[in-house]
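Engineer: Here is how the chains run, residue by residue.
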Amino acid sequence: MAYVAIADRDHEIEHHDPQTFITKYIWSQDHKVIAIQYGLTAIFVGLVALCLSVMMRLQLGFPDSFSFITPESYYQFVTMHGMIMVIYLLTALFLGGFGNYLIPLMCGSRDMVFPYMNMLSYWVYLLSVIILLASFFVPGGSTGAGWTLYPPQAIAEGTPGVDWGIVLMLVSLAVFIVAFTMGGLNYVTTVLQARCRGMTLMRMPLSVWGIFMATILGLLAFPALLVSAIMMLLDKTLMTSFFMPQMISGGEQLGHTGGSPILFQHLFWFFGHPEVYIVALPAFGIVSDLLATHARKNIFGYRMMVWAILAIGGLSFIVWAHHMYVSGMNPYFGFFFATTTLIIAVPTALKVYNWVLTLWQGNIHLRVPMLFAIGFIFTFIHGGLTGIFLGNVVVDLPLSDTYFVVAHFHMVMGVSPVLVVFGAIYHWWPKITGRMYSERLGRWHFWLTFLGTYSIYLPMHYLGFLGVPRRYFAMGDTEFMPQSAHDLNTAITISAIIVALTQILFFINVIWSLKYGKKADPNPWGATTLEWQTPDTPPKHGNWGHELPEVHRWAYDYSVPGQDQDFVPQTVPASEVPVGRQHGVKHE
Amino acid sequence: MTITLIFLAAIMATVIGWLLKQSFNTQPWVSNAADDATSGASLDTSAKTIGLTTFLAVATSLFALFVSAYTIRMTQAPDWIPLTEPQLLWLNSGLLVLSSVAYHWTRNAAIAGRTERLKPGLLVAGGLALLFLAGQMIAWYGLTAAGETVNGNPANAFFYLLTGLHGLHLLGGVYVWARSLVRVFGGASAASVRLSVELCTVYWHYLLLVWIVLFGLLLST
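Each protein sequence line maps, in turn, to chains A and B. First residue of the first sequence? That's 109 in the numbering used here, and the numbers climb one at a time after it. First residue of the second sequence? That's 346 in the numbering used here, and the numbers climb one at a time after it.
In case anyone wonders, no lab produced these hints; they're calculated from the structure. As the structure is a computational prediction, the values presented were derived from the model and not from experiment. Even glycine gets a Cβ: it sits at the ideal position worked out from N, Cα and C. Treat the hints with care, since some could be wrong.
[Unchecked claim] Away from chain A, derived, C-beta distances all over 12 Å, residues of chain B:
{"#": "1", "residue": "T399"}
{"#": "2", "residue": "A402"}
{"#": "3", "residue": "L434"}
{"#": "4", "residue": "W435"}
{"#": "5", "residue": "L443"}
{"#": "6", "residue": "A454"}
{"#": "7", "residue": "A457"}
{"#": "8", "residue": "T494"}
{"#": "9", "residue": "G509"}
{"#": "10", "residue": "V519"}
{"#": "11", "residue": "A535"}
{"#": "12", "residue": "R539"}
{"#": "13", "residue": "H550"}
{"#": "14", "residue": "L559"}
{"#": "15", "residue": "G561"}
[To be verified] Have a look at the derived ranges for each label pair, beta carbon to beta carbon:
{"#": "16", "chain 1": "A", "residue 1": "G634", "chain 2": "B", "residue 2": "A523", "range": "46 to 56 Å"}
{"#": "17", "chain 1": "B", "residue 1": "T371", "chain 2": "A", "residue 2": "V454", "range": "17 to 27 Å"}
{"#": "18", "chain 1": "B", "residue 1": "I483", "chain 2": "A", "residue 2": "L450", "range": "50 to 60 Å"}
{"#": "19", "chain 1": "A", "residue 1": "T447", "chain 2": "B", "residue 2": "I483", "range": "50 to 60 Å"}
{"#": "20", "chain 1": "B", "residue 1": "L388", "chain 2": "A", "residue 2": "T447", "range": "55 to 65 Å"}
{"#": "21", "chain 1": "A", "residue 1": "L148", "chain 2": "B", "residue 2": "S565", "range": "43 to 53 Å"}
{"#": "22", "chain 1": "A", "residue 1": "M437", "chain 2": "B", "residue 2": "A355", "range": "39 to 49 Å"}
{"#": "23", "chain 1": "A", "residue 1": "D674", "chain 2": "B", "residue 2": "A523", "range": "50 to 60 Å"}
{"#": "24", "chain 1": "B", "residue 1": "G532", "chain 2": "A", "residue 2": "G634", "range": "51 to 61 Å"}
{"#": "25", "chain 1": "B", "residue 1": "I483", "chain 2": "A", "residue 2": "Q354", "range": "48 to 58 Å"}
{"#": "26", "chain 1": "A", "residue 1": "L148", "chain 2": "B", "residue 2": "K366", "range": "33 to 43 Å"}
{"#": "27", "chain 1": "A", "residue 1": "F443", "chain 2": "B", "residue 2": "G487", "range": "47 to 57 Å"}
The task is simple: from the sequences and hints, build the whole structure.
Structural biologist: So, in structure tokens, the structure goes:
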């Protein structure tokens with residue numbers, strides 16, 4: 109049977125050929141426009157969350173100096189900062205943003221297979237963001253239950269935002285999950301069914317592999333969050349007792365009986381741990397492509413990298429309870445989860461070795477995306493190693509409620525993915541906008557961000573060892589906290605403000621580039637992957653003009669021996685340029 | 346969580362196993378004419394079928410988690426008073442079985458190209474599904490009237506939650522059913538609605554299966 113790719117069928121192309129400004133840029137079904145919409149919205153809420161973190165740091169660094177930061181608002185800042193950063197920024201940006209932009213372009217399709225549903229996915233996501241932001245303005249403000257929303261305190265009297273804030277938060281999460289599911293069905297189906305001729309799964313760039321596996325994790329794990337959100341919503345609104353135990357509040361017996369807060373923790377972390385990898389796997393994939401491209405070398409151990417992504421994906425579902433060592437669970441249960449946690453470190457470490465080995469003897473171009481990619485290796489190793497500490501029950505118990513944990517998870521799933529996000533934006537910026545950015549501003553942006561975040565989070569590990577508790581509004585006078593620790597807190601706050609202000613450089617760069625930036629070459633980095641081989645830059649609707657590309661080699665033919673050019677695009681047939689590894693140079 | 350873990354183990358084994366199979370014995374860094382000739386589709390089926398299958402995996406994850414929550418909560422505290430399910434549910438289950446059968450009959454007609462059978466088939470299948478939903482509502486009202494309210498005890502709460510969730514999923518199917526119905530009454534041929542009728546049939550069977558599992562769980566506890 110002669111196969112016609114779905115994206116290649118005529119009616120599909122006609123079907124979403126935009127006519128007016130509104131269909132082209134607003135109600136758009138073009139995956140690239142949807143990706144940009146996702147990206148802009150996610151970055152906007154991310155900035156809101158960044159401001160919240162600065163407010164938290166102001167209170168911690170200069171206690172009682174700011175009258176607008178009360179204990180209640182402090183907890184609201186913590187909660188909203190965490191939830192926004194993890195879900196509404198990182199998940200939405202990696203999958204909705206980069207997933208949307210890169211999957212069809214890297215796989216050689218004209219668009220996602222269900223463009224209408226893809227459009228709907230963005231608008232439902234926007235709705236969830238609006239509901240979330242609305243919670244700042246309702247009576248009582250947003251919820252202050254902590255980003256994990258543990259019951260009973262999340263819906264018990266005394267927690268900020270207990271009337272409206274928590275309801276809006278839960279509704280917003282449910283709406284977000286609907287949006288993600290619509291997008292996720294698209295990403296999975298497009299990767300499986302709409303690649304161009306010759307693009308076998310094992311010829312896909314690792315970015316697509318990372319996003320693909322992360323989407324599968326998301327599709328299977330987000331239902332756990334939906335389940336817990338629905339049940340908690342019912343506990344709150346209809347006074348059921350899924351999670352709410354028997355409680356006396358203000359001398360009065362509440363209507364709840366016998367609910368199980370631990371059940372919530374299991375459900376939440378059953379989502380929450382895969383979520384870490386939903387954010388990390390796309391970052392792993394993208395960073396692999398950044399390193400290979402800017403080091404002019406094939407990625408070391410491509411198949412290993414794919415297997416590691418698969419292994420991490422599978423294992424990520426059986427480590428969730430390592431977030432719950434302090435919940436009073438059976439020690440044998442903890443032993444099991446400590447073991448799986450250490451096992452998942454193996455494929456992860458394998459990826460790190462392969463990144464470093466890709467750099468080994470590479471022709472490294474320290475352009476801005478490469479700086480961010482190498483910066484990621486540092487922060488990720490750092491955060492990953494402290495993760496191995498915390499994966500052990502006996503180490504976790506004393507450290508669990510301290511700043512050590514804050515330092516760990518910000519290093520591993522805050523700073524690391526954000527560095528990749530910036531690296532990826534700089535890397536694909538010329539393709540997305542058709543213009544170059546300012547290299548010099550980009551470098552300042554990188555160094556200030558990289559060194560700045562280190563000066564925030566390294567001292568936090570030390571504070572953790574001292575026993576400084578996290579989640580506290582003010583430390584007060586305690587014996588175990590020497591004056592130097594208080595000074596350190598002040599220094600951390602100053603670093604945090606500097607890092608936050610540094611991000612202005614990024615936006616200046618964006619505006620400068622759009623206005624004055626040099627017109628970009630179609631393939632400024634000399635990359636092999638398909639998105640750099642489009643007939644137009646930025647790619648037009650339908651991506652490929654009249655003919656779909658055909659793929660003849662893997663995505664990593666860099667520095668093929670005996671060639672003038674140090675890269676061979678995936679579209680070049682083997683008859684013109686031999687495929688890389690045949691020429692006696694055996695690297696593997 | 347055992348139930349969820351079994352489901353997830355099965356699905357991850359399938360997905361990862363299949364992906365691994367694609368990766369063994371391949372050396373993507375060498376030239377391969379057979380690879381050059383492969384089409385961009387990994388599976389010999391329509392994109393919509395894959396979309397639906399993926400969605401069913403998501404829905405199964407959701408239901409498995411609810412069932413896990415049910416079994417965990419049931420044993421956690423002594424406040425669980427088993428609910429005596431209304432007899433009406435047996436009638437409703439019968440309606441849902443018949444609806445599934447009718448949809449299957451319509452599907453066979455669509456595959457055989459017998460356009461004249463589509464209208465009665467779809468009407469009966471959808472009508473029975475709507476009757477099922479109405480029956481579920483009546484069961485709810487009956488229970489509420491008898492004082493078995495949603496906040497009464499956790500068994501009640503789970504009953505309303507699980508039946509409501511199943512009903513919502515069926516309602517989503519009814520939307521797609523209504524769209525095919527409009528097309529069929531607008532004169533669409535069997536060939537043109539074949540795929541959507543086929544996929545709807547799969548969805549109907551799936552929801553019947555979910556209902557049997559849920560009903561069994563509710564009856565046995």
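Engineer: It remains to establish, for every hint, whether it holds in the given structure.
Structural biologist: Results of checking the hints against the structure:
Listed as outside the interface, T399 (chain B) is inconsistent with that label: its C-beta sits roughly 5 Å from the nearest C-beta of chain A, within the 12 Å cut-off. Residue placement check: A402 (chain B) does not keep its beta carbon more than 12 Å from all beta carbons of chain A (closest about 7 Å). Every Cβ of chain A is farther than 12 Å from the Cβ of L434 (chain B); the closest lies at roughly 21 Å, confirming the non-interface assignment. The beta carbon of W435 (chain B) sits about 26 Å from the closest Cβ of chain A, which is more than 12 Å, so the claim that it is off the interface holds.
Look at L443 (chain B): its CB is around 30 Å from the nearest CB on chain A, clear of 12 Å, so calling it non-interface holds up. No beta-carbon of chain A is positioned within 12 Å of the beta-carbon of A454 (chain B); the least distance is around 26 Å. The Cβ of A457 (chain B) lies farther than 12 Å from every Cβ of chain A, with a closest approach of about 22 Å, so its non-interface assignment holds. Distance check for T494 (chain B) against chain A: the nearest CB is about 9 Å away, which does not clear 12 Å, and the non-interface claim fails.
G509 (chain B), annotated as away from the interface, has a beta carbon of chain A within 12 Å; the closest lies near 10 Å. The non-interface label for V519 (chain B) is consistent with chain A: the shortest C-beta to C-beta separation is roughly 18 Å, beyond 12 Å. With a least beta-carbon separation of about 20 Å from chain A, A535 (chain B) lies farther than 12 Å from that chain, consistent with its non-interface assignment. Every Cβ of chain A is farther than 12 Å from the Cβ of R539 (chain B); the closest lies at roughly 17 Å, confirming the non-interface assignment.
The beta carbon of H550 (chain B) sits about 20 Å from the closest Cβ of chain A, which is more than 12 Å, so the claim that it is off the interface holds. The claim that L559 (chain B) lies off the interface holds: its Cβ sits roughly 14 Å from the closest Cβ of chain A, which is beyond the 12 Å cut-off. At roughly 20 Å, the least C-beta separation between G561 (chain B) and chain A is larger than 12 Å, which holds for a residue marked as non-interface. Look at G634 (chain A) against A523 (chain B): about 53 Å separates their beta carbons, and that is inside 46 to 56 Å.
Under the hint 17 to 27 Å, the C-beta atoms of T371 (chain B) and V454 (chain A), about 23 Å apart, fit the expected range. For I483 (chain B) and L450 (chain A), the hinted distance range of 50 to 60 Å is satisfied, since their beta carbons lie about 54 Å from each other. The given range of 50 to 60 Å is respected by T447 (chain A) and I483 (chain B), whose C-beta atoms sit roughly 51 Å from each other. For L388 (chain B) paired with T447 (chain A), a C-beta distance near 36 Å fails the hint of 55 to 65 Å.
The hinted window of 43 to 53 Å between L148 (chain A) and S565 (chain B) holds, with their beta carbons roughly 51 Å apart. Take M437 (chain A) and A355 (chain B): their Cβ atoms lie about 26 Å apart, and the range 39 to 49 Å is violated. Range check, D674 (chain A) to A523 (chain B): about 58 Å between beta-carbon atoms, so the 50 to 60 Å window is met. The given range of 51 to 61 Å is respected by G532 (chain B) and G634 (chain A), whose C-beta atoms sit roughly 56 Å from each other.
Checking the proposed 48 to 58 Å range against I483 (chain B) and Q354 (chain A) shows it is violated: the Cβ atoms sit about 33 Å from each other. A hinted range of 33 to 43 Å holds for the C-beta pair L148 (chain A) and K366 (chain B), which are about 40 Å apart. The beta-carbon spacing between F443 (chain A) and G487 (chain B), approximately 49 Å, falls within the hinted interval of 47 to 57 Å.
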